[in-house]
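The primary structure of each chain is shown beneath.
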Amino acid sequence: MTLASRKTPPVESLGQGLPPPSRGRPHNGRPQGLPLLLRLCALAPILLSACAASPTPTPTQTLTIFAASSLLGAFTEMGDSFESAHPAVSVALNFDGSQSLRAQIEQGAMADVFASANAEEIEALAAQSLIATSQPFAANSLIVILPSANTAGIQSLADLARPGLFLVLAANDVPVGRYSRQALEKLNAQFGADYSTRVLANLVSDESNAKQIVAKVQLGEADAGIVYVSDSVAAPDLLTLAIPPEYNVTAEYPIAALANAPHPELAAEFIAFVLSADGQSILEKWGFRPVK
Amino acid sequence: MPGSVLVSLLAVPLAALLWRALSQNFAAHIITHSAFAALRISLVTSTLTTFFTIIIGTPLAYALARWPFRGRPLIELIIDLPIVLPPAVAGLALLIAFGRQGVFGMWLGAFGITLPFTTTAVVIAQTFVAAPLYVRTARVGFAAVDVQLEESAYAEGATQWQLFRHVMLPLTARSLLSGAILCWTRALGEFGATILFAGNLEGRTQTMPLAIYLGFERDLGVALALSTLLIATSIVLLAVLRWLDHSTPDQ
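Chains A and B, in that order, are what the protein sequence lines are. In terms of the numbering used here, the first sequence is residues 1 to 292. In terms of the numbering used here, the second sequence is residues 1 to 251.
Certain hints may be false.
As the list claims (entries may be wrong) - Covered, in the sense of this in silico footprint (three residues per stretch, anywhere, with C-beta under 8 Å from a C-beta of chain A), are these stretches of chain B:
id : segment
1  : 136 to 142
2  : 205 to 216
Said to hold, decoys possible - Partial pick of chain B residues on the chain A-facing surface, computed with a CB cut under 8 Å:
id : residue
3  : P116
4  : F117
5  : G199
6  : N200
7  : L201
The hints are simulated quantities; they were obtained by calculation from the structure and are not laboratory data. Nothing here was measured: the structure is a model prediction, and the numbers come from that model. Backbone N, C-alpha and C fix where the C-beta goes; we use that ideal spot for every residue, glycine too.
Generate coordinates for the entire structure from the input sequences, incorporating the hints supplied.
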């Protein structure tokens, strides 16, 4: 039961008002394949433990959470904790790029809570009265990831500008992609005015979210990628290069209940849990920093 | 009537998309740089895919139709598989085989050839998913030709090439053209294998379906305009297919 509710994003209403996107785009709003595989792998332990657990009371309410894909690990655990504290509640999680989730909500997808990787998406939804208030709940910064074999022999941030490397970033419209380019610009101060241009000359793919970058680096197809620290925590087999704080870009994650949330009280409780000491320690475990 | 439900399900979304796309400034969105780049990449890659498929696929289709060689069922299975497999599986398989760390990719790398993230990778991904449609259609076309025609041509001393050029080709031209159109349409719409194997970079590997996918999050106008263009192209190609079907003479 937990199994079904966890894996099925509430997308029945996605098609209303606007036709579904063209062919090749599966119903849950992300390309099939690696990210899905990774997601299922990440869920496997939870699914197994759910199956192994002694019979629990039948959940009567399903709380639907839309969360940025960088929150996959943290919010999966968050949902588990919330479920054990609320036996009558089943938490359904839908992970995707923040802007993709916003598009889904705009097109009528029903959700109780939206945890975004940037403020713009929340503000856009607030402008349409789909969200009343929001608050920051976590901060995330950037890190360079390298495949464990590191066949390109990248030793420092300066090496990223070496011609012929395969660099994979998120697209400029995706928050993590925009932040990555901002960080590269800042690094010009240390490595020379054309550093960011030379690094971007190595760009071979604009991915739609950070998980795609992790997958391509894990496979060794890309020599380097820039993702959130939380993404690298979730993929411990990767090598990392830290970006010094003065050049790094910090993303503040806001969380909000949807104005037309089917379960407004539960939504408020979940947000309170995320902001509680317990919730914040889960986030910290997954590489996020608390917001003051 | 239940049938109308299904027809509506198929027609309403497409009609709604067209209506929405045409009620905006369609031309302004098509003339953007990224839309134009995607259009160019799509046309170049799908045409190359179809070209290579015809060159390599025609002899294969003929062999499958005529020569009962050992292992034919296996080859037929291999050709049918990509049609039923999800394109993401195709993309992953291509990456595992021809990626830089892939089984054959490492070997290619020794010769300085790198496939992932290149326009060549787009063509390979499209060929993987689209070529089977051509081979299947062409095989059915070849199989439908009366064997006695070939035998009498041989009896009169025709070479293999003459037989193909003057007997088989005129009789199967319609099947081959239908297969080529199916292959081209499928290549034009390829998404899953491309985004995994070739990545997504404007002007190099970003085809129309990829631009539509990202446009959904970035610029809905461009996504709608490109979708309209793909729908229009598909309608024209399907109309040609129907015309070919109806005008096929009895053999």
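We went through each hint and held it up to the structure:
1. 136 to 142: violated (count 0)
2. 205 to 216: holds (count 7)
3. P116: 5 Å, holds
4. F117: 4 Å, holds
5. G199: Constraint on G199(B) satisfied, holds at 3 Å.
6. N200: It holds, given that the least Cβ distance between N200(B) and chain A is near 5 Å, below 8 Å.
7. L201: Holds: closest Cβ of chain A sits about 5 Å from L201(B), inside 8 Å.
Hint compliance for this structure: hint 1 alone is broken.
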